[in-house]
Structures are given as C-alpha cells and as structure tokens.
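Use the sequences and the hints to build the structure in full.
Number of protein chains: 2
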Amino acid sequence: MKLKMLYSFLNTDLQLIEKELEAAIQAESPVLREASLHLLQSGGKRIRPVFVLLAAQFGNYDIHVVKNAAVTLELIHTASLVHDDVVDDSDLRRGSATIKSKWDNRVAMYTGDYMFARALEVMARIEDPLAHKILARTMVELCLGEIEQIKDKFDFDQTWRTYFRRIKRKTALLIASSCQLGALTAGTSADIHQRLFRFGYYVGMSYQITDDILDFTASEKELGKPAGSDLRQGNITLPVLIAMQDPKLKALVKTVHEQISFDEMTVIIEAIKATGSIEKAGEVSKMYLKKAFAQLEGLPASRSKKTLAEIAKNIGNRKF
Amino acid sequence: MKLKMLYSFLNTDLQLIEKELEAAIQAESPVLREASLHLLQSGGKRIRPVFVLLAAQFGNYDIHVVKNAAVTLELIHTASLVHDDVVDDSDLRRGSATIKSKWDNRVAMYTGDYMFARALEVMARIEDPLAHKILARTMVELCLGEIEQIKDKFDFDQTWRTYFRRIKRKTALLIASSCQLGALTAGTSADIHQRLFRFGYYVGMSYQITDDILDFTASEKELGKPAGSDLRQGNITLPVLIAMQDPKLKALVKTVHEQISFDEMTVIIEAIKATGSIEKAGEVSKMYLKKAFAQLEGLPASRSKKTLAEIAKNIGNRKF
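These protein sequence lines map, in sequence, to chains A and B.
As numbered in the UniProt record's numbering, residues 1 to 320 make up the first sequence, in order.
As numbered in the UniProt record's numbering, residues 1 to 320 make up the second sequence, in order.
Careful, some of the hints might be misleading.
Since the list can't tell identical chains apart, any single copy or any two copies may satisfy a pair.
In silico lysine to aspartate or glutamate, EDC-like type, Cα no more than 20 Å apart, as pairs [to be verified]:
#1 Lys151 <-> Glu28
#2 Lys225 <-> Asp85
#3 Lys248 <-> Glu270
#4 Lys168 <-> Glu28
#5 Lys291 <-> Glu28
#6 Lys133 <-> Glu121
#7 Lys153 <-> Asp104
#8 Lys153 <-> Glu28
#9 Lys151 <-> Asp104
#10 Lys133 <-> Glu20
#11 Lys151 <-> Glu34
No lab work stands behind these hints, which were simulated from the structure alone.
Here the structure is a predicted model, which means the values were calculated and not measured.
Given below as structure tokens:
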C-alpha cells in the first residue's frame with residue numbers, strides 16, 4: 001500500500017498545512033519567494049507534519065493549534081535540506097562549481113536561514129515553554145549532526161557508535177520531536193508525549209538505516225543518483241561499517257575517493273554486498289522498528305495508533 | 001571618553017554574560033568549540049548586551065532574568081557575522097579562495113547555524129511570548145537584509161529607500177530589539193519598552209550610517225582594510241548615493257568593479273569626498289541621533305538614561 005493512502009483521512013488538514021507553509025515563507029523579494037517555494041514544493045511526503053497530526057490525535061485535536069508545530073517542523077526540515085545542499089569542497093574540486101553556483105551557494109545559505117527564521121515566527125505562536133525547549137534542542141542536535149557528517153567523511157575508522165549518534169542527530173530526533181510536539185500541543189499527558197517521542201526516535205533510526213541500505217540496493221533510476229553515492233562522497237554508513245569488519249574488505253573500501261571511476265565503484269559495491277552486510281543492516285533496521293512498535297503498545301487503541309504502526313512498517317520495509 | 005568607560009558600572013554583570021556566552025556554545029566537537037569560541041571572542045564591544053542591561057534598568061532589574069535576552073541577542077549577532085563571512089563569488093574570483101577555505105566555508109555555515117540554535121536554547125528560557133515574537137521577527141528581517149545586500153550589490157540605480165531599509169534590517173532592528181527585550185524581560189510597561197525599541201532603532205541607523213562614512217574617511221590601519229572597501233565590493237552606501245546625485249559622478253562610480261586597481265579606486269574615493277557627500281551623510285546620521293534623544297526624553301531620569309544618551313552620542317560621533 002502506498003504511504004499516502006495510509007493517511008488519506010488527514011488530507012483536508014494536510015492541505016491546510018500546505019497553505020500555511022506557503023503563507024509562512026511569503027517574501028517581497030522575488031528571488032527569495034521563488035527559492036523558498038521551489039524548495040518547499042520539492043519537499044515531498046510531508047512525513048513530519050503527518051507524524052505531528054497523528055500524534056496530536058491522542059490529545060485534544062485542534063488543527064488550528066497543532067498546525068503550528070507541523071509547519072515549524074517542516075520548515076526546519078526544509079531549511080536543513082537547503083544547507084545540506086550547499087556544496088562542499090568535493091563539488092568544487094570536480095571543477096564544475098562555477099562562480100554562478102558559488103553565488104547560488106550564498107543565496108542558498110540565506111534562503112535556509114530565512115526558512116529557519118520563518119520557522120521561529122510560527123513557533124512563537126506555540127505557548128508551551130517545553131515545546132520551545134524541545135525545538136531548540138532538536139535544532140542544536142541537527143547542527144551537531146551536520147558538522148559531524150563533515151568531520152566524519154572518509155573516516156574509515158569511525159565506530160558504529162559514531163554512525164548511530166550521527167543518524168540520531170541528523171534524522172531520528174526531528175521525527176521524534178514531530179511526534180512529541182504533536183502530542184504536547186494537543187495537551188496529552190507527559191507519559192503519552194514522551195512515549196511518542198521514543199516511538200518517533202526508533203522509527204527515525206529505522207528510516208535512516210533503510211535509506212542507507214537503499215543507497216546500495218536501489219537502482220539509479222529509483223535513487224535519482226548512482227548507487228553507492230553515499231560512500232563515494234565519503235559518508236560511511238551501516239552496511240559499509242558491517243562489511244569493514246572483514247580486514248580485506250576494509251582495505252578495499254579505503255581505496256574509495258571522490259574521483260573513483262564508475263567501474264571501480266561497481267566492484268566495491270558488489271564486494272560489500274557479497275559480505276551479507278546489507279542483510280545484517282536490514283536486521284538492525286528491523287530491530288529499531290520492533291522497538292518502535294513496543295512503544296506504541298502502551299497507547300490507547302485508535303485509528304491514529306493503527307496508522308502510526310502502518311507508516312512505521314511501510315517506512316522500514318520500503319524498497320526505495 | 002572611551003565607550004567602555006561609559007558603562008563600567010555594568011562590568012560585573014557583563015562578566016557574567018561573558019561566562020554565559022561561553023557556556024552556551026559549549027560543544028563536544030573540538031572544531032565547533034574552537035570555532036565558536038574564536039568567533040565569540042573576536043566579537044568585540046558587546047554593545048547589544050550593554051543595551052539590554054541598560055534598558056532593563058527601567059524595570060525590575062534582575063541580571064539572572066535579563067541575561068537570557070542579552071545572551072540570545074549576542075549569539076544571534078555573532079551567528080549572523082559568521083554567515084556574513086561566508087565568502088561570496090567576489091572572494092572566489094580573486095583566486096585566493098582555495099579548497100581549504102571552501103571547506104571552512106561550509107564549516108562556517110554550520111558554526112553559524114549552531115550558534116543560532118544555541119541562541120534558541122537560551123531564548124527558550126524567556127517565558128514572555130511577546131519576546132519570542134520580537135526575536136523571531138528580528139531574525140526574519142536580518143535574513144531579508146542579508147539577501148537584499150547580495151541582490152543590491154553593484155546596483156547603482158538603487159534608491160535611498162532601498163539603502164535605508166537594508167541598514168534597518170541588517171543593523172538597526174537588532175539594536176532596537178536589544179533595547180526592547182531588556183526592558184520587556186524586566187517587566188516595564190509597553191510604553192517604555194516600545195520607546196526603547198524606537199531609541200535603539202534610531203541609534204542603530206545612525207551607527208550604520210557612521211560606519212558607512214568611516215569606510216571612506218578612516219585610515220586603512222583604523223579600518224583593518226583599505227578605504228572604500230564597501231564600494232569595491234559593490235555595497236552602495238549613503239555617501240555614494242548622495243554623490244551619485246551628480247550624473248557625472250554617477251558615471252564615474254559605475255566604473256567600479258571588484259578588480260579595480262588601488263590607484264583608480266583612490267581617484268573615485270576622492271571624487272566622492274569632493275562632492276561633500278560625506279558631510280551630508282553625517283547630517284543624516286545626526287538627524288537619526290536627534291530622533292534617538294527625543295525618544296529618551298520621555299523616560300524617567302536615571303543613570304541608565306544618562307548612559308544610553310552618552311553611548312548614543314559616542315556611537316554617532318565616533319571617528320573609527
């Protein structure tokens with residue numbers, strides 16, 4: 001079943017959030033308006049708002065209250081994607097980063113800043129101080145994750161712990177906070193919003209591990225980029241860490257650099273796959289999913305609970 | 001009299017703020033810790049915290065409450081300076097921007113993001129929703145100012161209005177918000193904190209215009225960069241706009257480009273000065289100062305009021 005079908009009953013409210021997102025980034029500046037809107041529209045599934053709305057249904061669901069959390073989180077997510085796209089030296093070195101793209105870089109940075117700032121404006125409508133603390137904390141962790149990702153590039157000796165902490169910061173906490181803030185702004189008890197935080201955290205971990213697996217297993221058409229792109233860019237993910245337990249394979253993986261040829265890369269990808277590391281990483285992802293389901297068990301039965309479980313399963317098992 | 005001497009009675013509280021600033025940016029990551037600390041320490045006069053503290057003295061002054069506003073504003077200011085320093089194409093074109101500096105660029109961006117996020121954490125300690133609205137608004141305007149500055153570069157046909165709006169966004173509003181938030185967090189009446197907002201706004205406008213004048217009149221040693229650097233980088237400031245009222249001079253100014261030689265630039269700077277535009281810009285700066293003093297008049301007599309007036313005078317009349 002397609003992901004979107006699972007929460008079609010939220011469509012009216014998601015459309016409202018779409019309008020609020022567009023309203024939030026309105027700017028006189030045409031460059032900024034177009035850049036922000038383009039970014040927002042290429043944003044995709046709105047999975048964070050979906051989590052906010054579903055979690056809010058465990059409390060006093062009022063779309064005009066919870067929408068603020070949904071819009072804030074989606075803007076923060078989009079802003080972080082923009083900053084993620086600001087090219088680093090690897091792109092420069094390829095020689096294709098012209099002065100034009102460099103100028104775009106600076107504009108991209110400020111467009112991201114602008115979206116962060118707009119997120120704060122929407123956030124200021126939320127009155128609960130705890131919500132502000134959670135959001136600020138999430139943003140700090142997100143930045144730490146981004147900086148770690150730069151630092152950890154091509155570090156073939158990094159530990160699994162480093163990897164897990166990085167994906168927690170870069171991905172899982174934002175999903176965890178989406179769940180928690182949805183519940184919190186709908187006035188649930190601490191037990192419920194903390195439980196939903198943990199649920200979101202585990203789902204986020206599983207989501208990112210699956211993403212890192214798909215970078216090896218999905219086709220170039222499905223990914224929109226060649227398989228193994230993460231590794232080529234120096235991002236060491238779980239399948240690689242598992243494969244590198246074999247010293248011979250580690251020596252092979254360490255030959256990866258950004259200018260590696262397509263053929264050489266294909267050999268390395270196949271060697272990684274042959275270790276069974278993809279399957280093992282899949283087991284870790286499933287383990288996180290199980291933990292997510294366990295958190296749901298403590299929640300009262302509802303359509304929302306059922307949907308959260310279905311989304312989690314869909315996210316963890318997706319093929320691309 | 002030196003600026004710092006004017007508010008030496010705040011020294012104990014400013015030292016506390018210094019410690020809080022350092023504590024706020026603590027990070028496990030050594031790169032991040034060093035980068036943030038370096039930036040903070042090169043930050044200078046802490047004029048925004050000074051405004052926060054002085055404004056707070058019109059209410060129930062409690063350093064342990066108002067410090068949060070002071071730290072938040074200084075962190076936002078520092079973060080915006082970091083992003084300001086992310087090189088644009090002009091720096092690249094000069095050929096000196098190596099891969100190393102490009103990598104630094106990306107780290108600089110995330111260090112700025114990190115400081116913004118830490119600012120939010122401190123801000124979350126402030127309970128007044130109005131304070132959050134003001135801070136969010138200030139950050140949105142700051143971003144708009146940054147983006148306008150990029151867009152308006154080398155636009156010799158921009159209006160004075162464009163210039164005034166840009167310096168309002170880039171400089172004046174942050175000082176205005178510092179004054180307002182100091183008062184607000186100390187629980188003053190709306191009349192007082194709004195009056196202090198206007199005071200800060202006018203001081204900020206005067207401050208920036210003076211800054212733009214000094215770029216022409218101060219020595220290279222005082223500025224730490226050659227005179228006329230703003231214009232060379234395409235930033236059209238008030239002295240230039242006034243000078244360009246003369247069509248002949250406008251034609252000359254339009255020949256400025258980033259690779260212009262030192263000698264050619266000297267000719268243009270002298271031509272601009274010869275129009276009397278520096279003095280006229282100085283009058284505009286003084287006019288803003290007058291407006292600032294007028295706002296102070298409505299406030300009860302106090303040491304704080306006297307100091308604000310002295311700082312304003314000092315800032316508007318400074319020689320470098």
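Going through the hints against the structure:
1. In this assembly of identical chains, the alpha carbons of Lys151 and Glu28 lie at most 20 Å apart only when taken from different copies (13 Å versus 37 Å within one copy).
2. Taking the shortest alpha-carbon separations for Lys225 and Asp85, only the intra-copy value of 14 Å comes in at or below 20 Å, while the best inter-copy value is 32 Å.
3. Only within a single protomer do Lys248 and Glu270 lie at most 20 Å apart by alpha-carbon distance; the minimum there is 14 Å, versus 69 Å between protomers.
4. In the homo-oligomer, the alpha carbons of Lys168 and Glu28 lie at most 20 Å apart only across protomers (16 Å), although the nearest pairing inside one protomer, at 37 Å, exceeds that limit.
5. For the identical chains of this complex, Lys291 and Glu28 are neighbours neither inside a copy (47 Å) nor across copies (28 Å), given an alpha-carbon limit of 20 Å.
6. When the C-alpha separation of Lys133 and Glu121 is checked against a cutoff of 20 Å, the pair qualifies both within a copy, at 15 Å, and between copies, at 6 Å.
7. In the homo-oligomer, the alpha carbons of Lys153 and Asp104 lie at most 20 Å apart only across protomers (14 Å), although the nearest pairing inside one protomer, at 24 Å, exceeds that limit.
8. In this homomeric assembly, Lys153 and Glu28 come within 20 Å of each other (Cα to Cα) only across copies, at 18 Å, whereas the closest approach inside a single copy is 39 Å.
9. For the homomeric pair Lys151 and Asp104, the shortest alpha-carbon distance between copies (11 Å) is at most 20 Å, but the shortest distance inside one copy (24 Å) is not.
10. In this assembly of identical chains, the alpha carbons of Lys133 and Glu20 lie at most 20 Å apart only when taken from different copies (17 Å versus 23 Å within one copy).
11. For the identical chains of this complex, Lys151 and Glu34 are inter-copy neighbours only, at 14 Å across copies versus 32 Å inside a copy, given an alpha-carbon limit of 20 Å.
Hint compliance for this structure: hint 5 alone is broken.
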